[in-house]
Structures are given as C-alpha cells and as structure tokens.
Amino acid sequence: QITLKESGPPLVKPTQTLTLTCTFSGFSLTTSGVGVGWIRQPPGKALEWLALISWDDDKRYIPSLKSRLTITKDTSKNQVVLTMTNMDPVDTAAYYCARWTSSLGAFDIWGQGTMVTVSS
Amino acid sequence: DIQMTQSPSSLSASVGDRVTITCQASQDIRKYLNWYQQKPGKAPKLLIYDASNLETGVPSRFSGSGSGTDFTFTIHSLQPEDIATYYCQQYDNLLYTFGQGTKLEIK
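Protein sequences appear in the order of chains A and B. For the first sequence, the residue numbers in the numbering used here are 1 to 120. For the second sequence, the residue numbers in the numbering used here are 1001 to 1107.
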C-alpha cells in the first residue's frame, strides 16, 4: 500500500520560513520515473503546484515562487522536505504532497494534506 | 508559462445527466492533460491521465478526450457521489499547472 503523509507547523508568523516534510511508504524515490511533488490550496481556492523532485534529483519549481522554495529528498528516510521562505498571510493554505509517476504522467497518490496558517 | 482555462467554474445537474467540463491550454500540450476529483475536505483523486486514460478503479462513466489545446471531461450518467470539484492539470513543459476547477452540484 502506498501512502504519503505531510507534517509541519500549523501556524507560522509572517517572514518566517516554513518547513514541511512528506513521509512516504510503499514506493522508493530511487525508482526510475518516480517523483514527489508539493501542491497547495488556499481555503476555497484552486490547487497550485509548487515543486517536484524526481528520482534522479531533478528539481522543478513554479516560476512565480522559485526564489522562495527549496525541495530536497532523503531516500534513506523516505522523506521529501519543502522549505518556503518569507511566509506571508497569502500563503495560508492546505499543503499536499503527492507521488508523480512518469508512466502515467500524473500525481497518482496524494497525502491527506496539512493546513498551514500564516498569522502574527 | 502555460495557462489552463477551465469552464464552467460551476454547474448544477440532475442525477443521470451527462455532464461536460472543458479545459483549454494556452499552447499545445499534446496529450499531457490529467483530470482530478476533489471532494470537500479531501485530497484530490486522479481520474483520467494522458487526456483519455481511465485510472485503475475509476468508474467507466468518467471519460476524457482531446489533444493539443482543447480537452473535455465527461460524466456520462451523473451519480450523487460525483458531487465534487474537478480540476484539469497539464505537464507538457515540465511544469505542472492546474485549472481553476469546476464545482459540480446536484439539482
């Protein structure tokens, strides 16, 4: 069974750095064609893809936020970490991690999401 | 950047109706278009990949078609459990853009 689970602080202050961890099981991020992505969703709004890291350590970021985002992986721990600097109230959202498979070309398995509120 | 225009933003239909949602890309994305279903308070679920391929376990009343810039998602006979928001998503240029979503309600 493939699962992903997000963890991180539910509340951060403006200007702080957010660190989110995606812990997964049932697949390996050393397998060719596999990646893990981060997608967020502000309350009542649409999904927004943020970043993706692939099995070969290729990293992709949404251009509008690229300067604030860093995605890394720890294959020994089956974890992917996303950091976002200089948090603002507009970054308040549910943050999801999801597995990407090149065989489907889609995010086929999603975590349950974690809500992050940015407020002083 | 490729922009995805999804329409309508919301729609209301009756059980048994055929429902159609469209997604238009700002440039040619070949077949690289996926459709997801998101129920309230839940994570999205993959329904269709590569424009027309049904994900394993997804009911056959869901289908997708299209290529290039114009894509269509259809529910052939709406069921009460299909109440959700549906999103298209492209990945042609190694960036992964979502549409703005279509909220589907039952009449």
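Mixed in with the good hints, there may be bad ones.
Claimed, not checked - As a list, the in silico BS3-like pairs of lysine-lysine whose alpha-carbon atoms are at most 30 Å apart:
| hint | chain 1 | residue 1 | chain 2 | residue 2 |
| --- | --- | --- | --- | --- |
| 1 | B | Lys1031 | A | Lys45 |
| 2 | B | Lys1107 | A | Lys66 |
| 3 | A | Lys5 | A | Lys73 |
| 4 | B | Lys1103 | B | Lys1031 |
| 5 | B | Lys1039 | A | Lys45 |
| 6 | A | Lys77 | B | Lys1042 |
| 7 | A | Lys73 | A | Lys59 |
| 8 | B | Lys1031 | B | Lys1042 |
| 9 | A | Lys45 | B | Lys1045 |
| 10 | B | Lys1107 | B | Lys1042 |
Hint data in this document are derived by calculation from the structure and do not stem from the laboratory.
Checked hints:
no. : hint                  : verdict
1   : B/Lys1031 - A/Lys45   : holds, 26 Å
2   : B/Lys1107 - A/Lys66   : violated, 42 Å
3   : A/Lys5 - A/Lys73      : holds, 14 Å
4   : B/Lys1103 - B/Lys1031 : holds, 24 Å
5   : B/Lys1039 - A/Lys45   : holds, 13 Å
6   : A/Lys77 - B/Lys1042   : holds, 26 Å
7   : A/Lys73 - A/Lys59     : holds, 10 Å
8   : B/Lys1031 - B/Lys1042 : holds, 27 Å
9   : A/Lys45 - B/Lys1045   : holds, 17 Å
10  : B/Lys1107 - B/Lys1042 : holds, 22 Å
Hint 2 from the list above is the single one not met by this structure.
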